[in-house]
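There are 2 protein chains.
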Amino acid sequence: MIATIYYPDTAQLKKLLLRPSGNNTAVMSDVNTIIRNVKEQGDKALLQYNRQFDAYTSSAIEVTQDEWRKGADNIPDDLKKAIEIAIGNIETFHFSQKEETKFITTTDGVSCWRKSVGIERVGIYIPGGSAPLFSSLLMLAVPAKIAGCKDIVMCTPPGTTGVINSAILYAALRTGVKRVFKIGGAQAIAAMAYGTETILKVYKIFGPGNQYVTAAKMLVQADGVAIDLPAGPSELAVLADETCVPAFVAADLLSQAEHGPDSQVLLLTNSEEVIQKVKSELEDQIKCLPRKEIAKAALVNSKAILIKNIDEGIHIINEYAPEHLIIATRNTDELAEHIVNTGSVFLGNYTPESAGDYASGANHTLPTNGYAKAYSGVSLDSFVKKITFQKITPMGIGNLGNTIEQMAIAEGLQGHARAVTVRTKNLKQ
Amino acid sequence: MIATIYYPDTAQLKKLLLRPSGNNTAVMSDVNTIIRNVKEQGDKALLQYNRQFDAYTSSAIEVTQDEWRKGADNIPDDLKKAIEIAIGNIETFHFSQKEETKFITTTDGVSCWRKSVGIERVGIYIPGGSAPLFSSLLMLAVPAKIAGCKDIVMCTPPGTTGVINSAILYAALRTGVKRVFKIGGAQAIAAMAYGTETILKVYKIFGPGNQYVTAAKMLVQADGVAIDLPAGPSELAVLADETCVPAFVAADLLSQAEHGPDSQVLLLTNSEEVIQKVKSELEDQIKCLPRKEIAKAALVNSKAILIKNIDEGIHIINEYAPEHLIIATRNTDELAEHIVNTGSVFLGNYTPESAGDYASGANHTLPTNGYAKAYSGVSLDSFVKKITFQKITPMGIGNLGNTIEQMAIAEGLQGHARAVTVRTKNLKQ
Chain R
0 MIATIYYPDT AQLKKLLLRP SGNNTAVMSD VNTIIRNVKE QGDKALLQYN RQFDAYTSSA
60 IEVTQDEWRK GADNIPDDLK KAIEIAIGNI ETFHFSQKEE TKFITTTDGV SCWRKSVGIE
120 RVGIYIPGGS APLFSSLLML AVPAKIAGCK DIVMCTPPGT TGVINSAILY AALRTGVKRV
180 FKIGGAQAIA AMAYGTETIL KVYKIFGPGN QYVTAAKMLV QADGVAIDLP AGPSELAVLA
240 DETCVPAFVA ADLLSQAEHG PDSQVLLLTN SEEVIQKVKS ELEDQIKCLP RKEIAKAALV
300 NSKAILIKNI DEGIHIINEY APEHLIIATR NTDELAEHIV NTGSVFLGNY TPESAGDYAS
360 GANHTLPTNG YAKAYSGVSL DSFVKKITFQ KITPMGIGNL GNTIEQMAIA EGLQGHARAV
420 TVRTKNLKQ
Chain V
0 MIATIYYPDT AQLKKLLLRP SGNNTAVMSD VNTIIRNVKE QGDKALLQYN RQFDAYTSSA
60 IEVTQDEWRK GADNIPDDLK KAIEIAIGNI ETFHFSQKEE TKFITTTDGV SCWRKSVGIE
120 RVGIYIPGGS APLFSSLLML AVPAKIAGCK DIVMCTPPGT TGVINSAILY AALRTGVKRV
180 FKIGGAQAIA AMAYGTETIL KVYKIFGPGN QYVTAAKMLV QADGVAIDLP AGPSELAVLA
240 DETCVPAFVA ADLLSQAEHG PDSQVLLLTN SEEVIQKVKS ELEDQIKCLP RKEIAKAALV
300 NSKAILIKNI DEGIHIINEY APEHLIIATR NTDELAEHIV NTGSVFLGNY TPESAGDYAS
360 GANHTLPTNG YAKAYSGVSL DSFVKKITFQ KITPMGIGNL GNTIEQMAIA EGLQGHARAV
420 TVRTKNLKQ
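These protein sequences, in sequence, are chains R and V.
Residue numbering for the first sequence follows numbering that gives the first Met the number 0, beginning at 0 and increasing consecutively.
Residue numbering for the second sequence follows numbering that gives the first Met the number 0, beginning at 0 and increasing consecutively.
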C-alpha cells in the first residue's frame, strides 16, 4: 500500500519529492464572486450562502451566551480535563516566546528598541465537517490571548442545524474568544476580512480550511489583510534507523494518513528491515482505524525510501521541508542540529506527532508544501507586531548627523539631509 | 500647499485618513505575462526585457568581480565611512534581535523549544532610477547575514549602460551579497522566485519597487514564495504640541514628501500656532529642495489637522497606522506607550525620521498603507524560520498520553490516539 523505493538517485528523488500541484482556477473564480458579494451585501450574502452551502436557513448567525453555556456544560469531564492540560502546556510554551524589550544604544545618544504589541483584532476560522477541530482553536486563541489581542472572533460552519460542536464552544469560552459566528467557507473569510453589519472586520485571519477557504485567504491577503500561512495538505516525514520501533513508526504514519486522502507521509530509513517491519505493521494497524479508507488513499501517494545512510536522509529532509518530522534514530539531538527546513521536529521513540497536534505545548499550525523553507509555524510572533522606536539626544544627532547627511545626499535625497542639518545647525548656535 | 483641517469629527476623519486606492488590474495582467515568460523561457526572457524596458542590449547580466571592485573603489572616503557607521549601527540593533533557544518543560518528561534558522536563499530587489537606494540594501543584507542566510542574491535594473551605482556595489560587497544581477522590474522578481539558468531560485524576496515590482511580489506570494511586506506609498505622521520646533517638523514633513508624489504626510497638533509656523517653514524650506516638484505634489495630498488634545491624536494615529511616526511633544515616552499601530516611532525633537532611514540602526523597511495594524517592519525575524522541537521521555508520554488520546478521540481521529496508545501500552508491558 506504500511504495518502496530503493536507493533513489538525485533525479529520481527530485521527482519523488514533488508535491501534487493543485489547479484551482475554477475555485478562485467562485471565491472571487463570494468575496465580492459579501463585500457588497454584507450579512444578506452570508445568510444566503448559509442556505446555499449548509442548508442552514435561520438568520441567527451568532452563537448566543445560552448556546455557549450549554455547549460547555455538554463536555464530559475527562475531555474537559484534557483540554485544560493542553491549554496549560500551550500557554507555558507560548508564554516563553514573549520578547522582552531591550534598549540598545547604537551610537552615543542614539537608542533603538522594539516592543511587541498584540494585533488588536484577529479572526479564527475553524472548519466543520467530520472532525471538529477544537485543537486548532486552542493553538490559535491561546497565543492570541497571551499576545494581548483585544478582539478575537471566530467563524465556523453552521451545519444544517446551527448547533456548534460543544468542544469547540468550550475551547472558545476558555481561550477568550469574544464572539462566535455560524458562517463557513470563503464567505467567513470575506466577512472577517471586510466586516459586515454583524461581523467585525479583523486585521489578520488564522485557521485551516478546505480549498475554498484557502483560496479566500490568498485573495484577501493580496488585498492587504494578513493571514497566518499559505496552506497545503498535511505532511509527515519519519527519519528512522534500526533503533526505531516499527510499530510506533507505523502508528505515526497512519495518524498522519488519516487526516485526508491528500496527506503525504514519507519514511526515510537506512534499514531494509525497518521498511519491511513498518509495512507489515501498517497492514495490521490500519484495520483498527475508523478512517481506514482515508488512510489507505493517503498511503497510495506515500513512500518508504531506503537510503544509503542517515546523512543522506538529513539532506533529503532539508530538500523536501516537511511540515512534521519525526527522528527515530540514534543521536537524535545531534542529527536535529542539521535540520534546517521543517515546521516541527519530534525527537526519539516516545514523541509521537500527535503529541504536538494536541498537547505538548508546541503549535500545530505549521508550514506545509515546502513552505518551511521560508515560513515558520504559528507562534506568539504571529499575533503581535513589533514596533521599533528610536530616540536621539542633541548629542546623538551631533554624533550621527554627518553619517545621515552623507548617505542621504549620495541617494539624491537632500530633504532627508536637511532634516538633520536644520537640527545640527541649531545645536551649534 | 498643505490643507488645514480644524477639529474634524469622526466621519470627516474617516474620510481624511483614507488612503488612495490604486487600481492595478492592467499592471497585474502585464506582470502575469512577464512572470509566465520568465518561468518558461528563463534567461532568454530576461535579456529580452532588458532590451525592451531598459534599452540594455548586452547579454552580460551578472556583475563581474572586476565591476564590483571598481565600483567599490569609486566611493568617496566620506561616504564609505558613513556607510560603515550605518552598517555598524544596523548590525548592533539587529544582532540584539537574536533569540536564544529556551528549553521549556511543559509537563514532566515533555520538553519543547524553538530554534531560529536562517532562510537559506533570499533575494533582494533594489530599484534603479533617480535615487540609488543603497540604504535599502543595507537594511536587508545586514540582517540577512546576521540571520545566517547562505545565499543572498540581488537584482537591480541595468539602465542603458549596465553600470550599477558604485554605492550599491560597495554596500553589496560589504554585506555579504553573493551575486548581483542586472535585471529590473517584475522580471527580476520572477527570476528570483522561479530561478533561471543564471539566477538562483530563492525562498523569500525582499525590497522596494514600483507598481510592477509590487504586483509581481504579490503574484509570486500567492504562488507560495514568501515576500517581506505588502507595499504602498511611504508615509509620515507627526504628532506635535507647542513644545515642538516648527522648523524641524517642516523639514521632516519635506523629507517624507520628497520620496514621491504619492507620499503621504500628516501633521497632528493641538496648537494652531504650530500649524501656522510649520506651514510658513514649509514654504521657506521647500525652495531649497532639488526635488521640490515632487515634494509639492506630495504635499497637495497631505494634511495638517488641528486636534482637541494629544489624546485624540494618539487615537487618530492608531486608526491611521502610519509607517513612520514622529512624536514631538511633552512626555514623548509616556505617549509612546499608547501607540499600538505604526511601523516605527521617532521620539523627541532631535530624532528626525531620516535618522531611521539611514543610520540609527532600526530597519527602514516598514508597513505602509495601514498594514502596521497586522504587520511588523523587517527585522532579523524576517530572515529566519523558527523551527519548533519537542522531545518526550517514556515518563512524559505516560504523563501526557491520556490527554492526547481524549482529545484525538473527541476529534474523531483514532489514529492519532493510537500513536500514543501503542507507546503507553508498551510502557506497561
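Because the hints were derived from the structure by calculation, they are not lab data.
Bear in mind the structure is a predicted one, so any value in this text is a computation, not a measurement.
Just to be clear, a hint being listed does not mean it is correct.
Incomplete in silico selection of chain R near chain V, CB under 10 angstroms [claimed, not checked]:
#1 I4
#2 P7
#3 D65
#4 W67
#5 V121
#6 L137
#7 A249
#8 D332
#9 S375
#10 T387
DSS-like mimics (lysine-lysine), calculated; alpha carbons at most 25 angstroms apart, straight line [said to hold, decoys possible]:
#11 K149(R) / K97(R)
#12 K144(R) / K149(V)
#13 K200(V) / K424(R)
#14 K385(R) / K385(V)
#15 K200(R) / K177(V)
#16 K278(R) / K295(R)
#17 K295(R) / K38(R)
#18 K38(V) / K385(R)
#19 K101(V) / K79(V)
#20 K144(V) / K177(V)
#21 K385(V) / K97(V)
#22 K114(V) / K385(V)
#23 K14(V) / K97(V)
#24 K101(R) / K114(V)
#25 K97(V) / K101(R)
#26 K291(V) / K424(R)
#27 K101(R) / K144(V)
#28 K385(V) / K144(V)
#29 K307(V) / K278(V)
#30 K13(R) / K144(V)
#31 K424(V) / K13(R)
#32 K149(R) / K13(V)
#33 K278(R) / K424(V)
#34 K424(R) / K278(V)
#35 K291(R) / K424(V)
#36 K14(V) / K38(R)
#37 K114(V) / K79(V)
#38 K424(V) / K385(R)
#39 K101(V) / K385(R)
#40 K101(R) / K307(V)
Glycine is no exception: its CB is placed at the ideal position from the N, C-alpha and C atoms.
Evaluated hints:
Of the supplied interface hints, the one on I4(R) is violated, with its beta-carbon coming no nearer than about 24 angstroms to a beta-carbon of chain V, more than 10 angstroms. With 10 angstroms as the threshold, the beta carbon of P7(R) stays out of range of chain V, its nearest partner Cβ sitting at about 22 angstroms, so the hint is violated. Hint on D65(R) is violated. Least Cβ distance to chain V is approximately 23 angstroms, over the 10 angstroms limit. Taking 10 angstroms as the C-beta contact cut-off toward chain V, the hint placing W67(R) at the interface is violated, the least distance being around 18 angstroms.
About 8 angstroms separates the beta-carbon of V121(R) from the nearest beta-carbon of chain V, less than 10 angstroms, and the hint is met. At its closest, the beta carbon of L137(R) sits 9 angstroms from a beta carbon of chain V; the interface hint therefore holds under the 10 angstroms criterion. Taken as an interface hint, A249(R) checks out: its beta carbon lies about 8 angstroms from the nearest beta carbon of chain V, inside 10 angstroms. With its C-beta approaching chain V no nearer than about 8 angstroms, D332(R) sits inside the 10 angstroms limit, and its interface hint holds.
The criterion of a C-beta within 10 angstroms of any C-beta in chain V is met by S375(R), whose closest approach is roughly 4 angstroms, and the hint holds. Proximity of T387(R) to chain V holds as hinted, the smallest CB-CB distance being about 4 angstroms (cut-off 10 angstroms). Between the alpha carbons of K149(R) and K97(R) the distance comes to roughly 17 angstroms, so the proposed pair stays at or under 25 angstroms and holds. Between K144(R) and K149(V) the CA atoms are separated by roughly 36 angstroms; this puts the pair beyond 25 angstroms, and the hint is violated.
In summary, the hint linking K200(V) to K424(R) is not supported, as the alpha carbons are separated by about 48 angstroms, beyond the 25 angstroms threshold. Of the pairs offered as hints, the one joining K385(R) and K385(V) holds, with about 16 angstroms between alpha carbons and a cut-off of 25 angstroms not exceeded. About 43 angstroms separates the Cα atoms of K200(R) and K177(V), which puts this hinted pair outside 25 angstroms; it is violated. Note on K278(R) and K295(R): the hinted pairing holds, with a Cα-Cα distance of about 12 angstroms set against a maximum of 25 angstroms.
For the hint pairing K295(R) with K38(R), the CA-to-CA distance comes to about 41 angstroms; that exceeds 25 angstroms, so the pair is violated. As the CA atoms of K38(V) and K385(R) are separated by approximately 35 angstroms, the hinted pair breaks the 25 angstroms bound. At most 25 angstroms may separate the alpha-carbon atoms for a hinted pair to count; K101(V) and K79(V) exceed this at roughly 39 angstroms. The hinted pair formed by K144(V) and K177(V) meets the criterion: a straight-line CA distance of about 11 angstroms does not exceed 25 angstroms.
The suggested pairing of K385(V) with K97(V) holds, with an alpha-carbon distance near 11 angstroms, which does not exceed 25 angstroms. Taking the CA atoms of K114(V) and K385(V), the gap is about 5 angstroms. The hint holds against a cut of 25 angstroms. Restraint check for K14(V) and K97(V): not satisfied, since their Cα atoms lie roughly 41 angstroms apart, outside the 25 angstroms limit. In summary, the hint linking K101(R) to K114(V) is supported, as the alpha carbons are separated by about 20 angstroms, within the 25 angstroms threshold.
Among the hinted pairs, K97(V) with K101(R) is consistent with the structure: their alpha-carbon atoms are about 11 angstroms apart, no more than 25 angstroms. Restraint check for K291(V) and K424(R): satisfied, since their Cα atoms lie roughly 22 angstroms apart, inside the 25 angstroms limit. A distance of roughly 21 angstroms separates the Cα atoms of K101(R) and K144(V); the hinted pair therefore holds under the 25 angstroms criterion. Taken as a hint, the K385(V) and K144(V) pair is honoured in the structure, with Cα atoms around 16 angstroms apart against an allowance of 25 angstroms.
Between K307(V) and K278(V), the direct Cα distance comes to roughly 19 angstroms. Compliance with the 25 angstroms bound is thereby established for this hinted pair. Restraint check for K13(R) and K144(V): the C-alpha separation of about 29 angstroms exceeds 25 angstroms, so the hint is violated. With a CA separation close to 39 angstroms, the supplied pair K424(V) and K13(R) exceeds the 25 angstroms bound. A threshold of 25 angstroms between alpha carbons decides the hint, and for K149(R) with K13(V) the separation of about 21 angstroms falls inside it, so the pair holds.
Between K278(R) and K424(V) the alpha-carbon distance is near 21 angstroms, which keeps this suggested pair within the 25 angstroms criterion. A threshold of 25 angstroms between alpha carbons decides the hint, and for K424(R) with K278(V) the separation of about 21 angstroms falls inside it, so the pair holds. A threshold of 25 angstroms between alpha carbons decides the hint, and for K291(R) with K424(V) the separation of about 22 angstroms falls inside it, so the pair holds. For the given pair, K14(V) sits about 19 angstroms from K38(R) by alpha-carbon distance, which is consistent with the 25 angstroms threshold.
Restraint check: the Cα-Cα separation between K114(V) and K79(V) comes to about 35 angstroms, which exceeds 25 angstroms; the hinted pair is violated. At most 25 angstroms may separate the alpha-carbon atoms for a hinted pair to count; K424(V) and K385(R) exceed this at roughly 46 angstroms. For the hint pairing K101(V) with K385(R), the CA-to-CA distance comes to about 20 angstroms; that is within 25 angstroms, so the pair holds. Of the pairs offered as hints, the one joining K101(R) and K307(V) is violated, with about 34 angstroms between alpha carbons and a cut-off of 25 angstroms exceeded.
Checked against the numbered hints given earlier, the structure breaks hints 1, 2, 3, 4, 12, 13, 15, 17, 18, 19, 23, 30, 31, 37, 38, 40 and satisfies all the rest.
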